[in-house]
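Hints given; two lone chains; assemble the complex.
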Amino acid sequence: MVMGIRFEKVDYIYQPHSPFEHHVLKDINVTIPSKSYTAIVGHTGSGKSTLIQHLNGLKIPTHGTVWIDDFPVTAEGIGKIGKALRKKVGIVFQFPESQLFEETVEKDIAFGPKNFGASEEEALKKAAEILPLVGLEPPLLKRSPFDLSGGQMRRVAIAGVLAMEPEILVLDEPTAGLDPQGRREMMEMFYHLYQQKHLTIVLVTHQMDDVAHYANHVIVIEKGQIAFAGTPQEVFKNVDWLEKIQLGLPTATHFATTLIKKGFPEENFSLLPLTLEALADEIAAGYERKKVGDADE
Amino acid sequence: MNNKLVIGQYLPLDSFIHRLDPRTKLLGAFAFVGIIFFADSWQSYALLSLFVLLGMMISSVPIRYFLRGIRPLLFLILFTTCLQLLFAPGQTILFKIGFIKVTEEGLIQAAFIFIRFLLIIFMSTLLTLTTMPLAIADGLESLMRPLAKIKVPVHEIALILSIALRFVPTLMEEADKIKDAQMARGATFGEGKLKDQMKAIVPLLIPLFINAIDRAEELATAMTARGYKDGQGRTKYREISYGRNDLYVLLAFIGLTGAVLWLS
Ligand SMILES: Nc1ncnc2c1ncn2[C@@H]1O[C@H](COP(=O)(O)OP(=O)(O)O)[C@@H](O)[C@H]1O
Ligand SMILES: [Mg+2]
Numbered sequence: 001m002v003m004g005i006r007f008e009k010v011d012y013i014y015q016p017h018s019p020f021e022h023h024v025l026k027d028i029n030v031t032i033p034s035k036s037y038t039a040i041v042g043h044t045g046s047g048k049s050t051l052i053q054h055l056n057g058l059k060i061p062t063h064g065t066v067w068i069d070d071f072p073v074t075a076e077g078i079g080k081i082g083k084a085l086r087k088k089v090g091i092v093f094q095f096p097e098s099q100l101f102e103e104t105v106e107k108d109i110a111f112g113p114k115n116f117g118a119s120e121e122e123a124l125k126k127a128a129e130i131l132p133l134v135g136l137e138p139p140l141l142k143r144s145p146f147d148l149s150g151g152q153m154r155r156v157a158i159a160g161v162l163a164m165e166p167e168i169l170v171l172d173e174p175t176a177g178l179d180p181q182g183r184r185e186m187m188e189m190f191y192h193l194y195q196q197k198h199l200t201i202v203l204v205t206h207q208m209d210d211v212a213h214y215a216n217h218v219i220v221i222e223k224g225q226i227a228f229a230g231t232p233q234e235v236f237k238n239v240d241w242l243e244k245i246q247l248g249l250p251t252a253t254h255f256a257t258t259l260i261k262k263g264f265p266e267e268n269f270s271l272l273p274l275t276l277e278a279l280a281d282e283i284a285a286g287y288e289r290k291k292v293g294d295a296d297e
Numbered sequence: 001m002n003n004k005l006v007i008g009q010y011l012p013l014d015s016f017i018h019r020l021d022p023r024t025k026l027l028g029a030f031a032f033v034g035i036i037f038f039a040d041s042w043q044s045y046a047l048l049s050l051f052v053l054l055g056m057m058i059s060s061v062p063i064r065y066f067l068r069g070i071r072p073l074l075f076l077i078l079f080t081t082c083l084q085l086l087f088a089p090g091q092t093i094l095f096k097i098g099f100i101k102v103t104e105e106g107l108i109q110a111a112f113i114f115i116r117f118l119l120i121i122f123m124s125t126l127l128t129l130t131t132m133p134l135a136i137a138d139g140l141e142s143l144m145r146p147l148a149k150i151k152v153p154v155h156e157i158a159l160i161l162s163i164a165l166r167f168v169p170t171l172m173e174e175a176d177k178i179k180d181a182q183m184a185r186g187a188t189f190g191e192g193k194l195k196d197q198m199k200a201i202v203p204l205l206i207p208l209f210i211n212a213i214d215r216a217e218e219l220a221t222a223m224t225a226r227g228y229k230d231g232q233g234r235t236k237y238r239e240i241s242y243g244r245n246d247l248y249v250l251l252a253f254i255g256l257t258g259a260v261l262w263l264s
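From first to last, the protein sequence lines stand for chains V and X. In terms of my numbering, the first sequence opens at residue 1 and continues consecutively. In terms of my numbering, the second sequence opens at residue 1 and continues consecutively.
The shape of chain X in the complex, shown without the other chains (with noise of 0.2 Å):
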């Protein structure tokens, strides 16, 4: 399996956080990103962060997980917290060079900013290091449930969520495998102009499209041949459920909801 990635790497584990339901994770992941956009004070930032390290520390995935899952964004980031350092309006100048001029309120709403995008990384790659992902497709259709009532095939979306996740690892091997026959071959990847960057990954992405393609056949073939329809009346084979520890994940979530809304 590829190493480099780790955003959507699950890390089998056993940890108070990876034995709970996909769905508490899920829904404590969505509402912290709801939450987070309430806070507008160091007393609820501080407890936000609290409650995000408390939860990395349960997990107990080594803390050098959640950094690499920062370094993609790293320049979206810092990129962000520049222009609000350098652009929010505010009264109180610090100090000025030219027209570029930083204000208190700025710096203030740039640390802010800056801490957001820290701890929303960190809980998502909090739920995607404990959850396996195909747990999380299960998570997803289950809270999605009630849009069927209004038609929305949410089980065909689970179905395509579930296979594409299934398939990512298998994919993402197939294509480590093209890539060292290529270079067996004297073929060069990420090296050169961008044009020849670009001219170079042909080799690579036609193999790759050509077997997805035979193995989307093989599936649909198996799948019909043991009488796969649809969704009506299927039961699972992974059963998901809730538990006391869920319960108390929830409260929690509800606790720091109203804390942060009442700092703020």
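Chain V extracted, bound-state conformation (with noise of 0.2 Å):
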């Protein structure tokens, strides 16, 4: 079995044969290795939700196939193994706390297991063994959903997905509209279940830091186009080409590219640093090399 998903020249068109037609995904051929963290970026508009919506077969490509392991999506639809891959490929969407209707955050949460099959009773002891996981305290259980904080409401949303123990995790801007503090801590619990749980996850985002972060594979798209798949460090080292598409950089690397811009010697960094561990880490190998250096002359 070949695992990992796989887009082989997929197209997708808004409302084709109207004045409304929108060709909005064109050729794309990419690979999301399996456990991967991969993150996709690119400008509001470019396609990153259309094409994750792919995964689970809500959208069916207008040709070409995704392949999911080896689940194939076409554009003849996803027939019978439709239940078995959402079940697979579960997608936190943005702004998810929209989705709550339940009376009580356990039976929200609830509802995606029982919808796989799981009894009533099995769905909520399932509830309660998530809750902790996005870090939302027993208690809640039996709070109504529409009581919670916004941070909170999202929590439960995402705990709704995370019952359905999917072994791909797809999170569409996860963190947007949350405070400084919120998103961190969101970003580090998503990190937790990708070292605990073996996850893929495939996160779709506009914070360049996150990207340098967590994730170990990027894929930029650029008006329905690959504009590049890569390593982290692949995908910011073409500092020159990310400014000029307007996506940005980290700020550790902007840092370091605007220290060379300065005067400050490029040899001293043996590698563009993309968080800010690694930067202070570079600055300070750099300077014990110039002093050893200057002790040597």
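Keep in mind that a hint or two might mislead.
Label pairs and their in silico Cβ distance ranges [unchecked claim]:
| # | chain 1 | residue 1 | chain 2 | residue 2 | range |
| --- | --- | --- | --- | --- | --- |
| 1 | V | Asp-240 | X | Arg-234 | 26 to 32 Å |
| 2 | X | Leu-194 | V | Ser-18 | 29 to 35 Å |
| 3 | X | Met-57 | V | Asp-179 | 42 to 48 Å |
| 4 | V | His-63 | X | Leu-76 | 52 to 58 Å |
| 5 | X | Arg-238 | V | Val-239 | 44 to 50 Å |
| 6 | X | Phe-79 | V | Asp-179 | 57 to 63 Å |
| 7 | V | Asp-179 | X | Leu-74 | 49 to 55 Å |
| 8 | V | His-206 | X | Glu-191 | 49 to 55 Å |
In silico DSS-like pairs for lysine-lysine, Cα to Cα no more than 27 Å straight-line [said to hold, decoys possible]:
| # | chain 1 | residue 1 | chain 2 | residue 2 |
| --- | --- | --- | --- | --- |
| 9 | X | Lys-179 | V | Lys-107 |
| 10 | X | Lys-193 | V | Lys-114 |
| 11 | V | Lys-125 | X | Lys-179 |
| 12 | X | Lys-195 | V | Lys-114 |
| 13 | V | Lys-59 | X | Lys-101 |
Quick caveat, the hints were computed from the structure, so don't treat them as lab data. Beta carbons: idealized from backbone N, C-alpha and C, even for Gly.
Have a look at this one:
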């Protein structure tokens, strides 16, 4: 069995054959490795959300095939495999708190498992297990989701997806609209899950610092086409290109390239730093080398 | 946007009909529905059909948009037509199977009813395909203005109508999103027994209502913050005005009315 997600010549057109026709994805050929933490970046409207909705067959390609391990998603639809695919791939949509509907938090989280055949009792047990994973306290289980704060509601919605125990977790801008601390906590939570549960994570984001921190694979999408795919190191090396398409750089990388532009000797960086820790290490190591060199003279 | 719903869907093209004043199109469509009930001869139906077809051609909207408008009403049309065919009183019996008899008069009546349905649907589809919903609301407000004299809250009605129309696409988009999100959690819509189908809608309707109420509150706050009070002395952001073409179209409708009355 071939593992991983593969897009083969995928096109997607909204409302074909109408004046509203909109060709959103164009000849997408790209791979998302199994068990990777893949970040998808690109401007608003570039087609990121459309792309990820192919992963559980909510959208089906107008042309081409998306393979999720050995599940094919084609223009013919997903037919009988649909349910299994939906369970395998959990998608957390943008602003997922707007999908809450049950009277209590636990019932809402149990909705997914019940749809996939769990009994009421099993599903509620699963809800109680999942809640701490998203950083919420057990007493919340019996509360109405509509009495919670925005951040808590989002965590409940994420718990609702995690409760399906997906192998692939897709996150569409999960931290949009949260405060800086909430954002950091949520990203740490996903990374923790990634390490603990050996998931494949697909993260759509505008935060280059998150890409630098957590991802080990990056896909850049521009106007419905794949502009780049590779490791974060490979992507952020292209400083000029990233500035040209206005995607921005991680803070540390930006700092380092600015230092270099101001005359800081480039040799001091053995690798372009992506995180603040790496930046500090590189600068310190550069000074060490310089000190040794000066002493030798 | 949802692509299944054609009635009420505006097609942003540029044509003679698109450019007409919304009031002209509203009056025309209403008048047409009135006129068609006076038609009772082949000649008058031929004339009315010709008139509608001409309008459809000038609008440069592809024909399939009009055909799609029929689909949701197809059952009703066929049912009514069949009733006419079988039960209309008549003398000249064409054929008879058991107690069912089809008369020439019945056949003609059924054909008339069928054409009448089609023409009314085409005409109203022509109105909504070529006129922005907000323009329709503005047009209605302007046409109803005389009613303000007898204390009908015309401005408020128009405001409610425009807000409702403004939020139809937003709500449809939202419904699509919530539906996707619930389907991603394994929900199925439109499958199984009727009772199951009704139950499946709950996870869609509740979030939709909650979002709509939140949105209404935000809108009310925003309107209050900008000093909205009532319709007294307000000027319009979108002005509508009659042109020469509107006059021609109104004359054409008057001519049509005369011709249909004369032919019948
Ligand atoms: N339901 C729809 N109908 C028509 N066009 C759409 C629809 N949803 C999105 N689009 C268009 O497709 C493009 C890509 O949208 P999307 O995938 O949401 O981009 P992103 O997530 O990268 O911001 C945008 O130009 C958007 O306007
Ligand atoms: Mg998006």
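Verification of the supplied hints:
1. V/Asp-240 to X/Arg-234: 26 to 32 Å: violated, 54 Å
2. X/Leu-194 to V/Ser-18: 29 to 35 Å: Roughly 32 Å apart at Cβ, these two residues keep to the hinted range, so it holds.
3. X/Met-57 to V/Asp-179: 42 to 48 Å: violated, 58 Å
4. V/His-63 to X/Leu-76: 52 to 58 Å: violated, 38 Å
5. X/Arg-238 to V/Val-239: 44 to 50 Å: Roughly 48 Å apart at Cβ, these two residues keep to the hinted range, so it holds.
6. X/Phe-79 to V/Asp-179: 57 to 63 Å: For X/Phe-79 and V/Asp-179 the Cβ distance comes to about 59 Å; the hint holds.
7. V/Asp-179 to X/Leu-74: 49 to 55 Å: Holds: the Cβ-Cβ distance is about 54 Å, inside 49 to 55 Å.
8. V/His-206 to X/Glu-191: 49 to 55 Å: Since the Cβ atoms of V/His-206 and X/Glu-191 sit about 37 Å apart, the hinted range of 49 to 55 Å is violated.
9. X/Lys-179 to V/Lys-107: holds, 18 Å
10. X/Lys-193 to V/Lys-114: Holds - the C-alpha atoms of V/Lys-114 and X/Lys-193 are around 18 Å apart, at most 27 Å.
11. V/Lys-125 to X/Lys-179: Holds, because 26 Å separates the two Cα atoms, which is no more than 27 Å.
12. X/Lys-195 to V/Lys-114: holds, 17 Å
13. V/Lys-59 to X/Lys-101: violated, 52 Å
Of the numbered hints listed earlier, those contradicted by the structure are 1, 3, 4, 8, 13.
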